[in-house]
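Based on the sequences and whatever the hints tell you, model everything.
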Amino acid sequence: MADDVTTDTHNQSDDLTHPLARKFLWLADEKVIQNFIWLPIIGLAVTIPLAFVYPFDEGHKAPWDFFASWAIIGFVAYSFVVLSAEPLFRLLSRKENYYGEEVEPEVIVAPKVEVHHHD
Amino acid sequence: MIDILLSNPGFIIILAGMLCALIPISEIRKFLVGAAPIAAAYMIFTAFKDAEAARTVISVGGQDMTLMRIDRLSMLWGYVFCLAGVLNAIYGLHEKCKLTDSSALIYMGAAVAGVFAGDFLTLFIFWELAALSSVMLVWKGGENAFPAGIRYLAIHVLSGVLLLAGAVMFARANGGDFTIQHVGLENKGGLLLLLAMGIKCGFPFLHNWIQDAYPKASITGTVILSAFTTKLALYALARCFAGEDILIYIGAIMTCFPVFFAVIENDLRRVLSYSLNNQLGFMVCGIGLGTQLAMNGVAAHLAADVIFKGLLFMSMGAVMLRTGTAKASELGGLFRSMPLTTVFCLIGAGSIAAFPLLSAFVTKSMIITAALYEHEWIVLAMLLFASAGVMEHSGIKVPYFTFFSHDSGKRVKEAPWNMLVAMGLASLLCIFFAFPWGGYQFLYSLLPYQDVHYEPYTGNHVVTQLQLLFAAMLAFAALKKWKVYPDERRAEILDFDWTYRRLGKNIVLWIDAMWTRLSANMSVIRGRFFDSAGKKLYNFFSPAGAMSASAPSGLSAVLTGGMLVVLFAVIYLSRL
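Chains as they are written, first to last, in our numbering: chain H, 595 to 713; chain D, 2 to 577.
Just so you know, these hints were derived from the structure itself, not from any lab. Incorrect hints may appear among the rest.
20 Å max Cα-Cα, derived SDA-like pairs, lysine to any residue [said to hold, decoys possible]:
#1 H:Lys-655 / D:His-376
#2 D:Lys-506 / D:Arg-518
#3 D:Lys-481 / H:Trp-632
See below:
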């Protein structure tokens, strides 16, 4: 089913990078990845105080609704889902051919290397 | 005859599908695949202008069958199906396969025809036709798809038989009236009808056919499948069980449980299949709430869901076409090779996660608000939890592990132009449906209840939704930074289908072994058993039996249904 795949295991050839993507290679920069956390922090720093400006409608609010409640729900619910993954995986995972189905051959993923921004 | 053919917009699509099976020239077939849904949409437009004149009733064997009934609910469903049909046609332009073109059209036509059916017997015919035609799309997926297709077919035929049996019981209790109307669980046949619709809708424990068949279907097949089957069932549910309390809780559970499976699943098309279940949960919950706001929310979310879920499946299909896999563990870094597909996938992910200015923000919130207005606190909490869960599996996991994450080193071509056009149009629709200046107002103008006013862009709604999404993103970034976020690993994840794919199979094998050992000594008892069973079946199904008294076309319909169940059960078990 694959079509024209080049597995660039040494990852040195950015000639194969799509021209439109070249201006966005900084997305893979380690610094950008490390600092991504600031995006939601800034987002929360703006939206939590804004909840005082746009309060809940008194006639239609849930018992838990207060200025930062949706942020807390989002953080706790997301973390709970992700943290449940490990025990669930141990409980429910089996070999890929457990039901006797044909399995895709495993592809060795290239080692992570830094990608430089080319303009 | 031509009048009948032109009575229901679905018929014209089915006819186009049958023609496609005979036409060897791919270009003509592709024209039909794109033109048929456009023609059907035009027929819906003209039919709705004079709904009474469009109503078509024929008599078959003394039984009236309403081939066409149109109102605001069916009109919206019909338009959405036609829109999905056009997008799917563009997406599949590169695939020169007669079987796919033909079965896709018949399948779509059956779904459209089912939506406009006015009675249960007509609905049953298209319910089964949708199952039979769609299985071809599953089987096009390759070696592993064949047994999955058999399981898919068996489950859907069972759903059809339950639908027919429930309809017969319901009609018998209502003076032989098969009109599709509110049924409710209190009426005879209600439970069977709910089960039939529940199977197609992916109720908990009945949902596994979605995660089993969809990821194994062909690339275009999965995109096509995601649009129609479950949505046809939702339509039937909205017609027959609106306001049924149990659906509120079933729907709430449906929103939550797939989240836990999606987080550990490695196959991203299966992740999207769980996500499909999760979104269906919101709509089932809305149907259970049954208020005008909730029903408008269901209809609006259906329109949004068909587009953004289709878009997500399309983007994964494009990735699969280019890389040969949809396994998260094998992907990563593809934004370098497929930047446009990346952008379209991110728009789909943002839409399903309900970011402001993207479609689910103006649709899903109607259902959540309806739960709030009804003071369903536990359900509301579950829906909010599921909203954060959606952000995990579809908002972050799918685009992140495919296009970002570690660089898999794969350097591939961007998706073919036709796939990009289809994804681009779907992305535009995701934005248009939530556009504050004329976009969502257009969508709302198509909803069933026009007296309900809902304003999605209030300051509080925007702020609280952004809080939820930013907090989920913060949790993701923090868990990644602390290396707590689990890596994607290759594995088969057990779900409820284990009961019939493993436990059930072993039980059948054990019974078979026991039967073989005992059969030499049991011939007399076996003969008596079959005699007794035969007499009971005769008393029930024969012309003098109980079923024939109320069955619409007598013995033949019931027996055909029963025979189909037996036949598919035998085929299914033989493939295990």
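Hints, verified against the model:
no.	hint	in the structure
1	H:Lys-655 / D:His-376	holds (9 Å)
2	D:Lys-506 / D:Arg-518	holds (18 Å)
3	D:Lys-481 / H:Trp-632	holds (13 Å)
The structure fails none of the hints (numbered hints given earlier).
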